[in-house]
Structure formats: C-alpha cells, structure tokens
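2 protein chains.
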Amino acid sequence: MTRYSISELANYFNVTTRTIRYYEEIGLLKPERNDSGYRQFTKKEVTQLQLIFRGKKYGFNLDEIKEMVLLFDEDPTGREQLRRTIEYGEGKISEVDQRIHELQAMKGEMESLMQVFYDELNQLEEDES
Amino acid sequence: MTRYSISELANYFNVTTRTIRYYEEIGLLKPERNDSGYRQFTKKEVTQLQLIFRGKKYGFNLDEIKEMVLLFDEDPTGREQLRRTIEYGEGKISEVDQRIHELQAMKGEMESLMQVFYDELNQLEEDES
DNA sequence: TTTAACATTGACGTTAACGTGAAGTTCAAT
DNA sequence: ATTGAACTTCACGTTAACGTCAATGTTAAA
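In order, the protein sequence lines correspond to chains V and U.
Residues in the first sequence are numbered from -5 upward in steps of one, following the numbering used here.
Residues in the second sequence are numbered from -5 upward in steps of one, following the numbering used here.
Hint data in this document are derived by calculation from the structure and do not stem from the laboratory.
Treat the hints with caution; some may be incorrect.
Claimed, not checked - Subject to a maximum C-alpha distance of 27 Å in a straight line, what follows is the list of computed DSSO-like cross-link-like pairs (lysine-lysine):
hint	chain 1	residue 1	chain 2	residue 2
1	U	Lys86	V	Lys50
2	U	Lys101	V	Lys24
3	U	Lys86	V	Lys51
4	V	Lys51	U	Lys37
5	U	Lys101	V	Lys101
6	U	Lys86	V	Lys101
Stated by the list, open to error - Not close to chain V: a few residues of chain U, all C-beta gaps over 10 Å, as computed:
hint	residue
7	Asn8
8	Val9
9	Ser30
10	Asp57
11	Arg77
12	Thr79
13	Gln98
14	Met108
Unchecked claim - Heads up, incomplete: computed chain V residues facing chain U, CB under 8 Å, no partners named:
hint	residue
15	Glu18
16	Phe47
17	Arg48
18	Lys51
19	Leu64
20	Asp67
21	Pro70
22	Ile80
23	Arg93
24	Leu97
25	Met108
26	Glu114
All C-beta atoms, glycine included, are put in the ideal place defined by N, C-alpha and C.
Work out the full structure: start from the sequences and follow the hints.
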C-alpha cells in the first residue's frame, strides 16, 4: 500500500503542511505514524482531503465538513444506525442540492443585470451607423 | 421613494445592524444620510445586499463580492468601458457556472458514497427474511 | 417633557483558519 | 560523520468578519 508524506500531500493539494496538521488537530484526519512519529498518509486520507477541499470551496465550514467526513468514515453497524446515517446523509445531499439551485438563481440574476449593459452597447453601436 | 432604516434592513435580512455598518465601512454600500446623520436605505441598497448575501453563501469573500457590487453599480460610459465591463461580468458568471458544475460533481460523489450504505441496509433486510 | 426605542461613532474583543518562528529529531546523501 | 532537507511539537501572531460594550444624539409617544 502506497504511503505519502505530509509534504507530498501538501504539494499535491497546493496547501501548506500546517494546513494538514491543523486538520488533524481538529479531528478531520487521523493518519497513522511510523516508529519515529512521522505521519503516514494513505489513500483514505487523500479521499478525505478531497472531500474537505471540495466542501471548503462551496461555503461549508470545517465543522460541517467534519460531520460529513466522519459520516463516510465510520461503518454504521446495525439497522438503526444505518438508517440514521442514511437519513443524515440524504439531508446533507439535499443541502448541496439547495445550494446548486440558489447558485443557478444567482447566475440568472447576474445575467439579467448584464442584459442592461448589452442593451446599452447595442444602442451605442446603432447610433454609430 | 420608500426609505428604510438600518434596523428594518437588518431585520429583513436577519443580520445585525453591525453587519450592515461593517459593509459600509469596507465600501460595499454608500447609503445617503438624513439631516441628523441617520442612514437612509433605498431599493438600490436592498438589491446590493441581496447580491452580497447570495455571494457570501456560496463561498465568495467580501472582496470578491465588492468587485461584483461595484461592477453593477457604476454605469460604464463609452464603448470601451462598456466592453470591459461586459467581459468582466461574463467572467464572473462563468465562475459561478463553474461552481455549479463542481457542486453537482460533489453531489454525485456523495450519492455514490451513500450507495454503500443502501446496499448494506438491503443486505441486512434480506438476511432477516 | 421625559422616557424608551431607535440611531450615531469609536474602540476593543472574538473566532475560524491558518501563518510563522523556535527548538529539537530523523533521514538521505555526501 | 556531518550536513541539509524534511519531520516533529509547542506556542504566539494574523486576518476577515463581525460581536459587544460605551458614550452620546434623535425621535415618537405618553
């Protein structure tokens, strides 16, 4: 199994090592250590970091992201636990869906604001002829 | 023309008056004042605040939002200025579009992560019969 | 006309998300 | 064996985006 050092990951994700250490500090990651105390990252942490940076980019804060990461980290055992996990996960997915819709609304708004400028420009070009 | 007080707007947008004052501090708003120095908000500021809160919700910081607000605030006069404004605006719109796509990707990823839980639950229900 | 609810400007406090040394340890290469 | 790069853990510093007083002025209603 491939192991990565902290600076390899920092380079890959274009962040500093401090950022990754901070994520461990607040419980977002729990990488293994080797005999001398160095962090050993695996594919699992890479996946988690991907989720983290995606989430950050779209306005979720680290506390919300933590909930998501932990959700997909533990395996819920037992029907009831599974059902709760699924319910929570569906809630998060519909939150994302909500954001998509509002972003689309925002885009529409910006486009209609732009329309004013388009009209003005057309007016100017017409006057020229 | 209808005028609004600072607390009317704060109530409407569900923020504190401090927030709105802060937005004026950093140049996001420039409301008129009456004789006694009270801020007088009009429809213009309402529109700007709408843009601000939308933007914030979707990961833009106040500096980026400031650029957008100022963009739709000034009337660019002259062909060249107008063209540059349109070009900039289109860039911003495609940034929003980009975010929409990535959010959709995120949603897809979360759904496939959930699939694992669905399968496990089905497995458990089957075992029961 | 006084009282309560609003407004104003400072100005210092707070929190999230890191930045930035310092002081020491480990490892790979010369 | 030594050097330099990369790692470790403190621990204090920084910035954005407000929160939270304090001291004072304004206004509408009783």
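Taking the hints in turn, this is what the structure says about them:
1. Lys86/U / Lys50/V: 19 Å, holds
2. Lys101/U / Lys24/V: 25 Å, holds
3. Lys86/U / Lys51/V: 16 Å, holds
4. Lys51/V / Lys37/U: 31 Å, violated
5. Lys101/U / Lys101/V: 19 Å, holds
6. Lys86/U / Lys101/V: 9 Å, holds
7. Asn8: Correct as stated: the minimum Cβ-Cβ distance to chain V is 16 Å, above 10 Å.
8. Val9: 16 Å, holds
9. Ser30: 34 Å, holds
10. Asp57: Correct as stated: the minimum Cβ-Cβ distance to chain V is 16 Å, above 10 Å.
11. Arg77: 7 Å, violated
12. Thr79: Violated, because the least Cβ-Cβ distance between Thr79/U and chain V comes to about 6 Å, which does not exceed 10 Å.
13. Gln98: The assertion about Gln98/U is violated, with a minimum of 6 Å to chain V.
14. Met108: Given that some Cβ of chain V is not farther than 10 Å from that of Met108/U, nearest at about 5 Å, it is violated.
15. Glu18: 22 Å, violated
16. Phe47: With a minimum Cβ separation of about 11 Å from chain U (threshold 8 Å), the hint on Phe47/V is violated.
17. Arg48: Since the shortest Cβ distance to chain U is 5 Å, the answer is holds.
18. Lys51: 6 Å, holds
19. Leu64: Violated, about 13 Å.
20. Asp67: 10 Å, violated
21. Pro70: 7 Å, holds
22. Ile80: This hint holds: Ile80/V lies near chain U, its Cβ roughly 5 Å from the closest one there, short of 8 Å.
23. Arg93: Constraint on Arg93/V satisfied, holds at 6 Å.
24. Leu97: This hint holds: Leu97/V lies near chain U, its Cβ roughly 5 Å from the closest one there, short of 8 Å.
25. Met108: Holds, about 5 Å.
26. Glu114: 6 Å, holds
Violated hints, in rising order: 4, 11, 12, 13, 14, 15, 16, 19 and 20; the structure is consistent with all others.
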